[in-house]
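A.B. asks: If you want the building blocks of each chain, they are given just below.
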Amino acid sequence: MTEAFIYDHARTPRGRGRPDGALHEVTAVQLAAQMLGAVRDRNSLDTALVDDVILGCAQPVGEQGGNIGRAAVMTAGYADSVAGQQVHRFCASALEAVNNAAAQVMVGAADAAIGGGVESMSRVSMGADSGAWTADPTVAYDTYFAPQGIGADLIASIDGFSRTDVDSYAVESQRRAAEAWREGRFARSVVPVRDVLGDVLLDHDEHMRPGTTLEQLAALKPAFTALGEKAGFDLVGMQKYPALTAVNHVHTGGNSSGIVDGAAAVLVGSRAFGERAGLKPRARVRAFTSIGSEPTIMLTAPAEVTRKCLSRAGMRVSDIDLFELNEAFASVVLRFMAQLELDHAKVNVNGGAIAMGHPLGATGAMITGIVLDELERRGLGTALVTLCAGNGLGTATIIERV
Amino acid sequence: MNHLTLTIDADGIALITLDHAAETMNLVSPEWLAEFAAAVETVATDPAVKGAIVTSGKKAFMAGADLKLLSKGFSKAEALAFSEAPTRMHRRLETCGKPFVAALNGLALGGGFELALACHHRLLVDDPKAVVGLPEVKVGLLPGSGGTQRLIRLIGVQKGLELLLSGAALGPAEALKAGLVDAVVPPGDLITAAKAWLMGAPDPVRAWDRKGYAAPEAGGLLNPGMAALFSMQPAANAAKTFHNDPAPAAITSVVFEGIQLPFDKALAVESKYFAKLLSGPVARNIIRTTFVSKGEAEKLASRPAGVPKANFARVGVLGAGMMGAGIAYVAAVAGAEVVLIDRSQAEADKGKAFAEKTLAREVERGRRSETQADDILSRIRPGEDFAALAGVSLIVEAVFEETAVKADVTRRAQAVAGPDVIFASNTSTLPISGLAEASQRPEGFIGLHFFSPVDRMALVEVILGRRTSQETLAHALDFVAFLRKTPIVVHDSRGFYTSRVFQTFIHEGMAMLGEGIAPALIENAARFAGFPVGPLAVTDEVTLELPMKIIRQAEAEVGQAFERPCGTPVLERMLAAGRGGRKSGGGFYDYPQDGPKRLWPGLADIYPVRADQPDITEIRHRLLAIQALDTARCLEEGVLTTAADGDLGSLLAWGFPSWTGGTLSYIDTVGLEAFVAQCDGFAQRYGSRFEPTPALRRRAAENEPFYPAPDGAERA
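In order, the protein sequence lines correspond to chains A and B.
Here UniProt numbering is used: the first residue of the first sequence is 1, the next is one more, and so on.
Here UniProt numbering is used: the first residue of the second sequence is 1, the next is one more, and so on.
In isolation and in its complexed conformation, chain B is listed as follows (with noise of 0.2 Å):
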């Protein structure tokens, strides 16, 4: 047994310990459901047994299934079997006829609380870390093992419904109340507290099993409060989604149908909705990305192996701005002292200023003490004196962005901390080769881009250098775990790869409304399809100097050999016009004082809108298909190293839609040919730079996707 233990007592009560052998938490997976059923068989038919309780030999009870497993792809017979056999086990368990109690010393989430759920009696531990809930909505898929259906059973419908959509983690007294568990005890009395309710007899029939059951909703719609929940929700549903994840939408009418049926009946269909979302696009997508890539990045998967831990207990940053002061809050907040310099002191206190901002806020909402945020804001040092920096480990400059400018504090920062110390450069577009070679250490220098508000951007895109050394990059990823932020690690190239790809999409919004393409529909069209924003409206927040800037530098560099990209003469009249953007009083939109953001009027007379629009999906594929085509670009090119890395970066550094799993699994989620066919038709229509590459044709007609898929899996 890898996954659990089973005893006997005296008294014939069985206790069931999972508790995997090899790992830290207790996971749903093929291996541990066998162990389970056989266990489950056990306390069935052996005479001395009672009953039984099931508890964890860990922390937590148990969390739900091994998402990588879940990430793999799954045909439907296979994503139906996968569901059908955890149901069945949990429906023996259920019916067995020997009571079964869940001792919850933990949490118990996802697959765990199911396993709950089909126990005849929940207790759990007093413990604010002991939560319970069935998230598996925030992962494209509903709760499997009968979830669902006990969960509606137990607490309601419409209470229910509305777990199972915002897949809500509740703390002891909230679950309680909710009638999740059927008790909450103190932690030393949980297993006597299990023992007692055994040894009290109970019935081992669920409500659900006795004769003459009905669900207080099971009349459907011809129940009047059911009738209004299900004509109300499918629209909640569909302002949440816009139609891309069909989960809520299936928990949804899981739960509709679900209710009406009998029991077994009832499991049956929540399996086959569960197989239609693990066998679909969209569960793989967001699972494989946001939790096993990211997982692994965060775990520095492209960590060089074999060089030695860096320690961070002092580092510098250079410039106090806005993304100087975040960069030392978030290393403060690590546990490291920052210097903090800038030309003035006065300068380098306004950054500290930043994080006694944030950091006041934190302790009114009860997220810090007040000693810990003191404790935090003493580690940050500001100041005007370079030689502070003596002693530091590493050190980050977010100074202007202009070559001579970050050249020149390279120079007096290494002047007092000395060539070994690492240095990175927080720029978002400036060639980091070309910046190193202020450095007296070009193998040490690389490039940290930050995100802003840092405080609450998960991303760091690593950005490595010609002259790079692989151990500049082993403790520059060690900072970012420091940070407890996710990197992704890119080669120079101009705009990296975040600056890049996200340049495509303003761009190509930018070039719809000089067709003459309504610009509600270009912004709508990027909203319905998963973006946090539209192409013009995140242009006004960006300000639209900043592409021009961006382009006049390629230019400087390049010089006519540069193509400009499609929405620079857009770029141009705009600004032009006096429309630089929200911070300068307004772009493609107006922003009165009074209330929400609109667009521009004058818009209409620079770009007057055609009589024929295209149809929204038109723009929704040509806004999707330019940053992936870029994407892919970027992989074929050397910029990215590895696909995950392109997904993680466009779902974390600019909100491309966490459905498609990212920009390359955008491509495979489409399917190669065809992706390569849409592109082939925008390039007709909309010029060259939509050009499929011949890497990817050849991708395309050997059907080489980014992800392979297992043998029998589903394309989508």
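Isolated chain A (complex conformation) (with noise of 0.2 Å):
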């Protein structure tokens, strides 16, 4: 099989995903072009080379909707022969554009394809798309839905996770992104925004908040009560886990993901079309899949789609160097080092979403640059990158440096 490798990537910043959001005024569209327009240009790349991009969309309705992945490939003037698709697996969609990317290097189907995503969560609002398991009520009702923040907050109760455990979480996440910012971990791959008249709007991630501490985080108050205890979703949640005798709420604003616009774009190819193209591979991927878990709780599943992935690649969890867990709730990433026994320096070391936003639909990608930036950083081989995602889905996926 044709092996799969990561030649470039680029990311946009962050903008808050409300009205006030630096890119609010940006279309979807040209989130996810201008990133196809960076790795183009910044490796003075013959487009007509690259045979697909997918891009991951959590809302892909309204101006996301209608396969954005086409529309960016066009917006962005690519050559008209490249192919476009968009790809929902929730929050791990744009981890699942890259895995498809690779996957079509591997077995034949094309020589370099784009994975990315894109979300503008301030223009399509969460839960825009709604869906049969959230809202047609059969499903609902017979399946247990409950929306995430109570599967956060079910995963605190069972796991005895305090108020003060999850702040603490996000204390350190701030912490280590206004370092990692500080320190310009980042400048290698944030591509700036720009308006239409080609000035920058953004070129930070807007959301985090440096020097956040326990106390002011501590004031916050919790997201899910009402939704759990006023519209019923706690004892939706005890009847699959009944030996709660309650749900403590602790997630808050301040110990989730943020809301934010943003996107992101992945090129991987084979090694033939980097040596067409004059480029130098950077990281092979070497493995990748996904899981459902129980979807009541939701969040679950990245140990054990870690523990697939890495018995499907025969390796330990001691082979990897680094792990990058989206910061969904500050509890999915307590529970995701408690079970697989890692040492909080080896996850997340640049912080996560929690500081700096969760764009759903191209988070993925975004944590894979980052996370392969980081590892030439500090000269290690082997990271592992996962999210937790709607349905109770998981998506994990291996890369190590060449």
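For the record, the hints were derived by calculation from the structure and aren't laboratory data.
Being a predicted model, the structure only gives us computed values, none of them experimental.
A virtual CB, placed ideally from N, CA and C, is assigned to each residue, including glycine.
Hints are not guaranteed to be accurate.
Unchecked claim - Short, incomplete list of chain A residues facing chain B, as computed with Cβ under 10 Å:
| id | residue |
| --- | --- |
| 1 | 61 |
| 2 | 129 |
| 3 | 136 |
| 4 | 140 |
| 5 | 147 |
| 6 | 235 |
| 7 | 236 |
| 8 | 242 |
| 9 | 246 |
| 10 | 292 |
Could you fit the two chains together into a complex? Lean on the hints.
C.D. replies: Written out as structure tokens, the structure reads:
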């Protein structure tokens, strides 16, 4: 089988996903197209060498609907021959897009493909695409649907993570992200987003709150109490986890991933493609896989998919130098580290979505790029990237430097 | 015509008057349907008829379906046919080209209001008793005959769904505001107004039958309001039903799916969901026990025939504690003069004070007038002198639960009132035949086991002693009916029926705790099965002393032969640890002043939670099975005479989940064979108390359910 390599990647800075966010005026397709343009321009890439562009998107409706992958290809001025598609695996969409790009290369369906993602959460709000699982009452009732925040609080309740535990994790995420920015660790890959005049709108992650303290976080109100106690979702969760006496609502806006706008693109290709394009491969895509897990708690797949991915690659946890797990909620990462017995020093070393935000359909590609840059900076070999996703899904990818 | 009359006036207006020849209430039945369909055809096909008024000759317009019919058990095919026939008739009425107006002269609920919804116009009489609504959810069903689909197209999905899920009945003003009716008119003007509307040559085409019609919510999940509503509603349903009663979920689905479909397709889907509920066990169980059996009990089905009715102008109540005060109160409310006796005037006055407090609250809430309350209160005569009992026709004693004390008051009361007066003991545990020995006339002695709080608990367990006469039973039942309560009749035995089986529930829960099962899991299993509270919480409420006292009493009577129930070691250990229940400052739970109760942290030290926990389903089945099995034993031993009494008692006495239909219906619902197999497994794992009786095995082998199913009906 052909090997798939990562040649380059680019991401937008993440704008606050609200009407006052810096990227709110930029359409989703422009965010994606600017990243495709960056990958092309930084590498003097003949886009006709790219077979497909696969973009993740978790709310593929409205301006993000109708195959935004192909729309971005055309908007970016890529060659007409470049195909385009959009994939939906909720929060793991962009990692799945990278994996699909690699898969096409591996099976010989493509010499090169771009996997990435886009989400303008300020323009197409979370939940806009609805869907059978959450809102067809037959399905939602029969499968004990509960929103993600309830799942995050269920994890904390079952594992006994206190409010201080999750807030402490959030403080550390902010500290690491601030340090990474201060030291310029993201400089190589963050491409400023420009407005219609070509002026820079945003060149840094706007959601961060460097210097956040435990005291500040402790003052925030739990975000999911009303959903849990008034709307009935606590009892839905407890019917699945009946050893609980109650759900402890510990998650707030401060220890959950931020709502932001952003896009990312990862250029994947065969060795032959690299030679043709005059590019040097940076990392091999060693293994990837996805998994489903108990959907009500929803967010516990990362450990399971990590074990599955390692086993398929014939590797062990100790073979991985750095782990990147999307910080959907603090409890997700705490459980992941506990279950795999990981040292926090190896996990999310530059902070994550709690500090910088989680543009749903784009994050998987962003954190793939971030951890690759970090492997290079530290002179390390392998990294595992994983995300929990809606419906109990999880996706993982192992990359190794070449 | 048995169900209606049809007249046509000179202006070509047909008047269809629902008026069942033999019943006081118009009910939906196959015969009614046939007659009404024929009337619709007359209106539709007679060229002289311009339109029709549908009204009723009874006080009410029409209640829903005849629930007795619905509890018989249906196969899916039968249920679908049962639903499709009226759906077709209503649709024919609606599309026949002639306008129909419903002139609702009184309450229209369920099938009655579904008929009104199918009419082109609805007028409701301005009378607070004339309520309208679709209460089917309360019996585990959904409103058929197009009821769900017409309602949501008339008043919108959100408001419609709310009404369908609450089953609320609305009075005229609310109904008009909600859009359920087009106008509210004074009683005398109803038919005139209906005719006036018809004479205005109204368009007999419903909005949803016009070309280009689309409900605002027809876009389904592409409509953000719909997406929000239908992602929240399932959780509310699950939090309420714990997935036991399928009706709220089915209603939600039928609204969601139906609004996105053309009307006739929507009707077809509604019929299918209706058939699913009607052919399932839950609707049948709820209807059978909470309506049919309850209704029969209240009509005194167990009353011996030929005994003249008793009169309760003046009754006596001995003991003015919580139970006595409650009994005195409900008797006074029912219209009796109540002689309330206790050891001292002050104690007796305390009993009357309860009535005073309760009545003040009723007045405050507008449920009674000041005058009514004063009137009721004046009927309660508290005192310490037994002489006041002269002239009473019945005495209920509710004194301290001890044989000697009870014997003493029995003798003193009979000395004044005479031996002919019926003497009822409100005991929950002491055998009636034994207590009757203190009576001059054991034939006139009976048990009337009231439940606390007496003013709110509907059930009275009527207990026959060995020598209780049929006449005494008849009059005791008359008294229960006089109090507007629901009787079940049982034979004397330790704990009678309700206390005995209730004990199995709490003991099983305590035994589980002793086995190292997580207390939260035990409590949640009970709660999610539909019990109001878990076995540990309810034991805290009744106090841990009470079941312990019952054990000691039994041991005093039976001696060594008495086998202690399975939770006894836990009871003893908790009592030794000073955890006597809520009243004594805490039991299995702590009761903090400033918050909700929480499991006592010390429990984990006494009963460490073992590592391997059973599945919640195992716990749930175990809790349900032990009660069901013991009820079956009660029936075999003759403590219970009918399955209906067993079922009704279990629901009303200790809150056995209504979706099961009661302890014996539960066995039918699980299936006899499956239930026996389940018990065999439990007996192996947890002890011989789960051993099915030979009679139950025989029942299973011969497939002889407690309630025989008609041929063709599916067994759940």
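A.B. asks: Each hint needs a verdict: does it hold in this structure or not?
C.D. replies: Against the structure, the hints:
{"no.": "1", "hint": "61", "result": "holds, 9 Å"}
{"no.": "2", "hint": "129", "result": "holds, 9 Å"}
{"no.": "3", "hint": "136", "result": "holds, 7 Å"}
{"no.": "4", "hint": "140", "result": "holds, 4 Å"}
{"no.": "5", "hint": "147", "result": "holds, 8 Å"}
{"no.": "6", "hint": "235", "result": "holds, 4 Å"}
{"no.": "7", "hint": "236", "result": "holds, 5 Å"}
{"no.": "8", "hint": "242", "result": "holds, 4 Å"}
{"no.": "9", "hint": "246", "result": "holds, 8 Å"}
{"no.": "10", "hint": "292", "result": "violated, 20 Å"}
The structure fails to meet hint 10 from the earlier list, while all remaining hints are met.
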